[in-house]
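So the chains spell out like this:
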Amino acid sequence: MNLPPFEHFYEEHREEIYAFLVRRLGLQRAEDAFQETFLKALRAYPNLGHGDHLRAWAYTIAGRVAIDEHRRPRADADLPELASLDGRPAFAQLEHLADELPPTERAAVVLRYGYDLDYAEIGVALGSNATAARQAASAGIRRLRRKESR
Amino acid sequence: MNAVSQELDRRFRDAAASAHLLDVAYDFVDSPIGSLFVAATDRGLCRVVYDAEPEQERERLARVFGVRILRSAKPIDPARRELDEYFDGKRHEFDLPLDVGPLADFYRRVLGELARVPYGEVVTYGQLAARVSRPRAARAVGTVMNRNPVPIVLPCHRVIGASGKLVGYGGGLERKEALLRLEGALL
Chain A
-16 MNLPPFEHFY EEHREEIYAF LVRRLGLQRA EDAFQETFLK ALRAYPNLGH GDHLRAWAYT
44 IAGRVAIDEH RRPRADADLP ELASLDGRPA FAQLEHLADE LPPTERAAVV LRYGYDLDYA
104 EIGVALGSNA TAARQAASAG IRRLRRKESR
Chain B
389 MNAVSQELDR RFRDAAASAH LLDVAYDFVD SPIGSLFVAA TDRGLCRVVY DAEPEQERER
449 LARVFGVRIL RSAKPIDPAR RELDEYFDGK RHEFDLPLDV GPLADFYRRV LGELARVPYG
509 EVVTYGQLAA RVSRPRAARA VGTVMNRNPV PIVLPCHRVI GASGKLVGYG GGLERKEALL
569 RLEGALL
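Protein chains in written order, with this note's numbering: chain A, -16 to 133; chain B, 389 to 575.
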């Protein structure tokens, strides 16, 4: 797929990326993170070369921005909203549990079961491939099951 | 459900333009002859389009100028202001820098001559052809007019047939007539 004009990419992904950032950071911090995410995307956009896996790519950037935001202490930070309010209660549990997984497994589990990306997309998001993404997700799930049964 | 507010959306679009990250910014400008799709690069105005299909225009612009295309009001404000003044009858010449992309030599010369046709006056296709030393190329001049990337600003509406008929216009003859009437070239 050819790389579409940026406006198209932005219109298509802004709402879900914003919702993702609100879940991760709360309303107030999500606004700055939203702007930063799409400015980063805009800088890197022409170098993509093709328009495949743009959704996973957007989530990857947003995920990194969210992590950076988390590390930055803020006195005025509002509490993140309850994730169960966004209509994904299963994901709320998952994200909490997945917090303790190694980073690659965590990303694979969250992108697969939280955001419903397929393994090819997750592979791109992780900088590997579909097979590695599937392995990371199932390793993560096994680890969660072990933890649950303890 | 939390949605991206208009304010947040506008802030991002402004920031993208201020950081000079866009190949092309565009917006719609209201006018008495309909909404105009107006696009600009950092170097100047690149398109004015009647009855635009935004998606199609963006694709075309991407092929010429690059994929970083975003609707953003601020970079279009200078053109908006001058077009408003023009339609109010207060402006007879545009001071906007142009960046219309690569053009064949003949196109460049014809559009250069077109830019010199004054407000309120008309020339014929043949006269314009003669001014670029191609007196028999009236028809080719018509083609250039039809593909004018920045109508109104480059005044292809001031070019008419030898018989005095308006002949044709990319935006439709009604618009050509309206523009000439505005300029007092038609009674």
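Because the hints were derived from the structure by calculation, they are not lab data.
Take these hints with a grain of salt, some might be off.
[Unchecked claim] Under 8 Å between C-beta atoms, here's a sample of chain B residues computed to sit facing chain A:
no.	residue
1	Val392
2	Leu396
3	Arg399
4	Val455
5	Pro537
[Said to hold, decoys possible] With beta-carbon atoms standing in for the labels, derived distance ranges:
no.	chain 1	residue 1	chain 2	residue 2	range
6	B	Glu443	A	Asp35	18 to 28 Å
7	A	Glu(-6)	B	Asp472	47 to 57 Å
8	B	His408	A	Arg47	51 to 61 Å
9	B	Arg399	A	Arg55	49 to 59 Å
10	A	Ile50	B	Gly477	41 to 51 Å
11	A	Asn(-15)	B	Arg524	21 to 31 Å
By construction, the Cβ of each residue, glycine as well, lies at the ideal position given by its N, Cα and C atoms.
Quiz item: Can you list which hints this structure breaks, lowest number first?
Solution: The structure conflicts with hints 5, 7, 8, 9, 10 and 11, although it agrees with all the remaining ones.
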